Amino acid sequence: MLLVLLSGPAMADTRQQILVVGGASTPAHGEVIGAMTGALGESGNRRFQLRSLASGDYTRAQVADAGMVLTVGAEAAAAVLRDPPAVPVYCTFLPEATYAALPTPAGGVQRSALFVDQSYTRRMRLIRQALPNKNRLGVVLGPESRRDEQALRRAASAEGFRLDIEIIAEERQLVGALHRAMDDADLLFAVPDAMIFNRHTAQNILLTAYRLGKPVTGFSRAYVTAGALFSVHSTPALIGREIGETLLAMPKVFVLPPSHHSKYFEVETNERVARSLGITLEGAAELTRRLHQVAAETPQ
Amino acid sequence: MHKPDSEQVMFRLRNGLQQVLAVSLMLTGTAQAAETMLLSEADFVTELPVVLSASRLSQPQSEAPAAVTVIDRQMIQASGARSLSEVFRLVPGFLVAFDNGYRHIVTYHGLSDAYSRRLQVLVDGRSIYLPSFGGVAWTDLPLMLDDIERIEVIRGPNAASYGANSFLGIISITTRHAAAEPGSAVRLNAGSNDIRDGMVRVAGGGQDAQYRLTVGYQQDSGYIHQFYDDNNITLMNGRIDWQAGERDELQFHFGYSGSMHGNGEVGDLMDPIRDERAISRFEQLAWRHRLDGGSEMSLQFYHTHHEWADRYQTLTTPAINLDLKVASDRYDVEFQHTLVAGETTRFILGAGARLDESQSLAYLGTDRTLSSHLYRLFGSLEWHVTPDWIVNTGVMYEHYDITGGDLSPRLAVNYHLAKEHTLRLSYSGASRQPVVFEESSNARVCLTAPPGCALFDQVYLSSGGLKPEHIDSGEIGYLGRLSPALSLDLRMFHDRIYDLIGAYHPPYPDIDGDTGDFRNGGKATLLGTELQLQYQPSRETRVILGLANVQIESNNFDDYAYTDSAPRNSLNLLAMHQFEADWLISSGFYLHDEVNFLGGIPDPYRLQRLDVRLARKLHLAGSAGEIALVMQNLLGNKPAYRNDGISPVLAFVTMNFRFR
Chain S
705 MLLVLLSGPA MADTRQQILV VGGASTPAHG EVIGAMTGAL GESGNRRFQL
755 RSLASGDYTR AQVADAGMVL TVGAEAAAAV LRDPPAVPVY CTFLPEATYA
805 ALPTPAGGVQ RSALFVDQSY TRRMRLIRQA LPNKNRLGVV LGPESRRDEQ
855 ALRRAASAEG FRLDIEIIAE ERQLVGALHR AMDDADLLFA VPDAMIFNRH
905 TAQNILLTAY RLGKPVTGFS RAYVTAGALF SVHSTPALIG REIGETLLAM
955 PKVFVLPPSH HSKYFEVETN ERVARSLGIT LEGAAELTRR LHQVAAETPQ
Chain B
183 MHKPDSEQVM FRLRNGLQQV LAVSLMLTGT AQAAETMLLS EADFVTELPV
233 VLSASRLSQP QSEAPAAVTV IDRQMIQASG ARSLSEVFRL VPGFLVAFDN
283 GYRHIVTYHG LSDAYSRRLQ VLVDGRSIYL PSFGGVAWTD LPLMLDDIER
333 IEVIRGPNAA SYGANSFLGI ISITTRHAAA EPGSAVRLNA GSNDIRDGMV
383 RVAGGGQDAQ YRLTVGYQQD SGYIHQFYDD NNITLMNGRI DWQAGERDEL
433 QFHFGYSGSM HGNGEVGDLM DPIRDERAIS RFEQLAWRHR LDGGSEMSLQ
483 FYHTHHEWAD RYQTLTTPAI NLDLKVASDR YDVEFQHTLV AGETTRFILG
533 AGARLDESQS LAYLGTDRTL SSHLYRLFGS LEWHVTPDWI VNTGVMYEHY
583 DITGGDLSPR LAVNYHLAKE HTLRLSYSGA SRQPVVFEES SNARVCLTAP
633 PGCALFDQVY LSSGGLKPEH IDSGEIGYLG RLSPALSLDL RMFHDRIYDL
683 IGAYHPPYPD IDGDTGDFRN GGKATLLGTE LQLQYQPSRE TRVILGLANV
733 QIESNNFDDY AYTDSAPRNS LNLLAMHQFE ADWLISSGFY LHDEVNFLGG
783 IPDPYRLQRL DVRLARKLHL AGSAGEIALV MQNLLGNKPA YRNDGISPVL
833 AFVTMNFRFR
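Protein sequences, first through last, are from chains S and B. Numbered according to the numbering used here, the first sequence spans residues 705 to 1004. Numbered according to the numbering used here, the second sequence spans residues 183 to 842.
Derived from the structure by calculation, the hints contain no laboratory data. These numbers were taken from a predicted model, which means no experiment stands behind them. Do not rely on the hints blindly, as some may be mistaken.
[What the hints assert, rightly or not] Pairs of lysine-lysine residues, derived as PhoX-like cross-links and limited to a Cα-Cα distance of at most 25 Å, are as follows:
| # | chain 1 | residue 1 | chain 2 | residue 2 |
| --- | --- | --- | --- | --- |
| 1 | B | K705 | S | K838 |
| 2 | S | K918 | B | K649 |
| 3 | B | K799 | S | K918 |
| 4 | S | K838 | B | K601 |
[To be verified] Here are some of the chain S residues that sit facing chain B, going by a computed Cβ distance under 10 Å:
| # | residue |
| --- | --- |
| 5 | K918 |
| 6 | R925 |
| 7 | E970 |
[Stated by the list, open to error] Far from chain S, some chain B residues (derived; all Cβ distances over 10 Å):
| # | residue |
| --- | --- |
| 8 | L221 |
| 9 | F226 |
| 10 | E229 |
| 11 | L239 |
| 12 | P242 |
| 13 | P500 |
| 14 | L589 |
| 15 | R750 |
Note that beta-carbon positions come from the ideal geometry of N, C-alpha and C, so glycine has one too.
This is chain S alone, in the form it adopts within the complex:
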């Protein structure tokens, strides 16, 4: 099914052409594409012709007749925006901070993004829903995430949280910073930063917080499995679904929506960690439902 769609019929085709870059890099990217084509369905298939390309193979010439370039993942977005086409570029499934750091193509090329991560507001609303009595968040920012300090403070003040922020420049400062950030905080608010929260440091962070009896709110399902208390995240499948729906909602000409976080998300909780920390949590499904409800009432 997927192959058929992606290769498409070569004969005189009047459908709108979309060049998809980076959709087959990993199983997760494949999941995005799978969910996207599922959401496009038959009507999408009649309307669009998708042509697929690996990030490494991308050149501007490859765009040819395509009316839009859809990138999946940060690597694809970087490859495309380095050699930008004249048509709109819709960058999906990449972190907001990485998108912001990509070069702005000259010549007013239209571009926008669908981020893989969640807004701070959404994450803080989850804390409010799940732990109504916790008001103080410990945060460690690194060289990359420190750019977000103001955004983080704005979200916190709007949602009624107090932040204890520590900023570090090198990984070796992490342990000390974690302790300072958690001294008076109710929980650790993990902000994505490749230097701070990675596979190597996850162990240290989760163990340190657990020893201090403080929960960690993560930003991915994996973090929850590893030992964070909960997280709200958009899975590849949810991102793919939203891409499909966004494409279907586009007018005849490609006009991109403004950059946005996915409207689809789910909450994951670690019941075992909650119990061990003596925390009572609503179920993940109930929290997801409530968060959707809050999002519907007060758009973020």
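Following the hints, complete the assembly by docking chain B onto the known chain S.
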């Protein structure tokens, strides 16, 4: 078909991304930004190893097979305690008394003399009750209050999990991880009663290995005015935590304490004033290895050494030379395998061996080292039958040189009546092995120096052949959160204790015509209720209340007044409040009915004690600190155990700074 490892792919992807971005950023002339690592979607979808696995997570109280009182750092600090033993006043049913300034007595439900032998006390899993006399030399512990992360007190026997001596209760102290407070810290205490304490701590390290080293000094002039019972303690302890890869963790702990205690009484010819020396040290190595699926293996070894050196000459004519040295060593190794079987079941299987060595010519009548071996096998099961029903069961088999084999079972069923309301029903059996002094004492005062002995007084002479003491304990417990701010822990227990070991005094041809020997024979039935309330209406305010009622019926064998050895009712109350961000006030109030310690002077003693602490946080350049005024024993109560002293009202200032 080969399925690509998604993690590896994601890593290649990240590397690829860094290169692409570096190139594109260089092209656009913002090269320095490329030095920072950028996030990719991999950071949101890549799997991570399970860090907080089922075997690592501690059991929540609502699922634990016993009543547990947790004393956290905030409580320790708020209590104003200067020495470790004092914090146990915060536990319902516990009583803290002083034989003198350095011999602190911590008991639970009575049945104790100056050596409280029926509690298991662990520091980071290391048993610290003395093999020689039993009990814990609290003031000789190479441990500062500042280095304690939390204390869990299990009220009731639990030998199936904690082994020999887990008889009336278990105190389990966990010290802070080496990475818990990186940087350096100092503390200074000064106040009445010649209180002069100092502490310096340094801690640091990198991602994988961290260290902590604490050096401290404590001094005071004791608790009893007319006695020479002052304290000068120098101690050091350290810890190294090493994360050796994703699966392995190593911990090394070590400590040393050397102290000088005043001993004797002015004008007492047989007990002249003098200095007694105590040395305590330990080394401990622990290894944890994580297995797939949340299971874990651990191996631990430790050695502890303790000695009292008390050498003096009586003021009698002729003068008698006494050397009351007592030394003991404990070597212990333990292996444990935690098996996690699915979401509902957790098994623990383990085995251990212990060698205890004691040496004391004065008390054991020989300069040989007396050794005893203890081997143990244990298993336990935690089974979530349904989300609302939890079964905890376990058994420990121990083989002790002196008393042979012994089995300690445990069964507990917890039922969640409703969310935040749990009912617990449990049975637990335990035994206490006789200590070396009970089994093999030969304490005598000779008029001549060894070798040979012109006997003056045969103080103790054990005939040996003791059996272990036994306890069968049943309890009903309730644990509930009555409102978001109020939680309650209620326990009703019935303990049947038999074969209690006590001293008696058969005739002996010496100066006083008798000696001391030990035999089994005491029986006691304990019936009681304990209640613990925690009220925390806000972040700034916290109140902890404990109430205990215990009734002892006993045959009072050999004139041991077991029936009066615990107060009928007791109360402990700790309240703390933070105001104006930087000010904290806390107060502890403790009350109990009359009690007579075994072997103490029979003078029923009641307690009313009030401690108050006022603290202000300090923020000085680059450091965070606190200065506090602590006033202890404001009602001027006696120190218990002995009735011939007056415990002073104490006031001291404590100041600490952390630099990082």
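Broken hints, numbered, in rising order? 1, 2, 5, 7, 8, 9, 10, 11, 12
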